[in-house]
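> Sequence order for the protein chains is V and L. Read in the numbering used here, the first sequence has 228 at position 228, and its numbers run on one by one without any break. Read in the numbering used here, the second sequence has 53 at position 53, and its numbers run on one by one without any break.
For the record, the hints were derived by calculation from the structure and aren't laboratory data. If a hint is listed, it holds; no wrong ones were tucked in.
Below, a sample of chain V positions facing chain L; criterion: calculated Cβ distance under 7 Å: (1) Lys37; (2) Gly43; (3) Asn96; (4) Gly101; (5) Ala102; (6) Thr191; (7) Gly192; (8) Ala280; (9) Gly300; (10) Arg302; (11) Ala318; (12) Ala321; (13) Ser335.
Cβ atoms here follow ideal geometry from the backbone N, Cα and C, with glycine treated the same way.
Spelled out from the first residue to the last, the chains are:
Number of protein chains: 2
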Amino acid sequence: MTRFASFADLRAACLDLPSGDEEAAARVALREGSLTKPPRSLGRLEETVAWLARWQGKSPPRLEAVEILVFAGNHGVTAQGVSAYPAEVTAQMVANFAAGGAAINQLARVAEAELRVIALDLDGPTADFTVEPAMEEAEFLEAVAAGHDALSRQADLVVLGEMGIGNTTSAAAIAAALFGGGGARFAGHGTGVDEAGLKRKQAAIDAGLKRHEAALNDPPRIAAALGGRELAAILGACLAARRARIPVLIDGFVSTAAVAPLKKLRADALDHALSGHMSAEAGHRLLLQELGLKPLLDLGMRLGEGSGAAVAVLVLRAALACHTGMATFAEAHVSDKMRNR
Amino acid sequence: MTRFASFADLRAACLDLPSGDEEAAARVALREGSLTKPPRSLGRLEETVAWLARWQGKSPPRLEAVEILVFAGNHGVTAQGVSAYPAEVTAQMVANFAAGGAAINQLARVAEAELRVIALDLDGPTADFTVEPAMEEAEFLEAVAAGHDALSRQADLVVLGEMGIGNTTSAAAIAAALFGGGGARFAGHGTGVDEAGLKRKQAAIDAGLKRHEAALNDPPRIAAALGGRELAAILGACLAARRARIPVLIDGFVSTAAVAPLKKLRADALDHALSGHMSAEAGHRLLLQELGLKPLLDLGMRLGEGSGAAVAVLVLRAALACHTGMATFAEAHVSDKMRNR
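The shape of chain V in the complex, shown without the other chains (with noise of 0.2 Å):
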């Protein structure tokens, strides 16, 4: 079991990283310029590929081991009105979930990655942040090594997704507090709060950030008192794999805040990770920009539950057959001088 004994060792760990294999991405990099097309032709399909190899190590990378860990945690910001659903719907999605019945378990299937859904302490939601820290230090840590021990260290790649009602309060909370810009930047509708409970969103943000005045400077404080058990095992999760050298798939709105502070410790922190998918949800595009993300799709998804990244998952694997699979033109008998004139 991973123990962080305090914000300092946590912060320790998050400043002890290691670098990718540019070796590998090299080789990766070097194949991909005898392959018959024109160079750099497949864009980010390449350049996902020598990010696989990169920091898995391995020239060509592997996507056989895929695993998708979905987080999901209680909140006590709820008790302010905003969310658009029950909190209880918490449970009755983890429930769908072991049953087969969500959207993930769908998504799983298609990307052929192994979905785990850790459910953390449903019935015992964080406090309203509005009032006192979301959680004390020992309730955060434990939430972060829960992350940190969940990854599987033989993955090849992982994606971070999360369930949780009111957790784009906490993520919009996170946002602002690394950031700056309040409430009213990075709140947005969330499952589909109207006008009125935006405000009241908005709201909640601003006491956070007004009552957590004195956390504002340190990365993991700021998700202790903001943040919610979910968010704190997806910074664990990410974490320990960027400690096991396992490229990351970042989810959605919530998912990229929970990791938000890592970057904000150590700028090279989210090396391992890309960006899944821009949400429709309305502070992810700033957000993204706040941390130089390029995400690789944008469908207008605002799902969570790692949905997004899910399906990025698809374009890895198609990025990885090119790759593997491709002829060379020296293979395939096919000119690759370039006309002079």
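Add chain L to chain V, keeping to what the hints say.
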């Protein structure tokens, strides 16, 4: 065998088109609303399932028989030094398709689609359009008919792609003829011409537009004078798909330019077609805007062969899996009551 006797005959066929099945699309939307997710939270995934149902006339739609048709042709305009590769590469790549070594072979396998390659008189390139019409009326209509006949009437979805050294020049010329702006507006680097090559390409397009000025008020004549056999065949296949109510995924710049004359003839002629992706080829974004098409993917690909649209097939498979496989709120005992305050 399909026969179009004249430009006028083809025009008449392009104007006599079936509509979509709005009832099937509505049944899809009704089911989507009952599934365990916030309304419309799967974004374009939900839209594409409704679109498949509308054009297949089936709810739920099917993706059992997915067909990728790649048409290949050679272009006399290569004499103007418009391409980075010599014209022999068209036939070499057709051999590569047959041997299974090209990108589209790998992508077809991942997309579980049947790939069929139709080479159109590669030893007889079209005429150099800067000097004379690329194709005479009968030659053009024969290529349209070849495309029309290539389509299996049993397909659930067809992807239209192409291979032809020099064909981004034809595509840019068609786009400029239909939408204005000359060679400077739609010409790009294609497979990788340098700046001098790009200048030659723009000049060739402008010379072609001037040379065939008298034909520019008639979309089929534009396609004959400035196009190529593979572009004409794509137009024919797209028309055949509409008549058979088979949904079409259009690939990149060349494929989009190939079907653009249909839209100019009749505003709703491409409603059964979805743009699979936005190519990195410079003119594609502009052309999609002119046509009012919103691509599913934007991955910086610029290979042709149907490759971008083949990746988009994966998105459709993901969308359909959610639609058919998810539980409803009632089945999963999940509360679909929005919170009332």
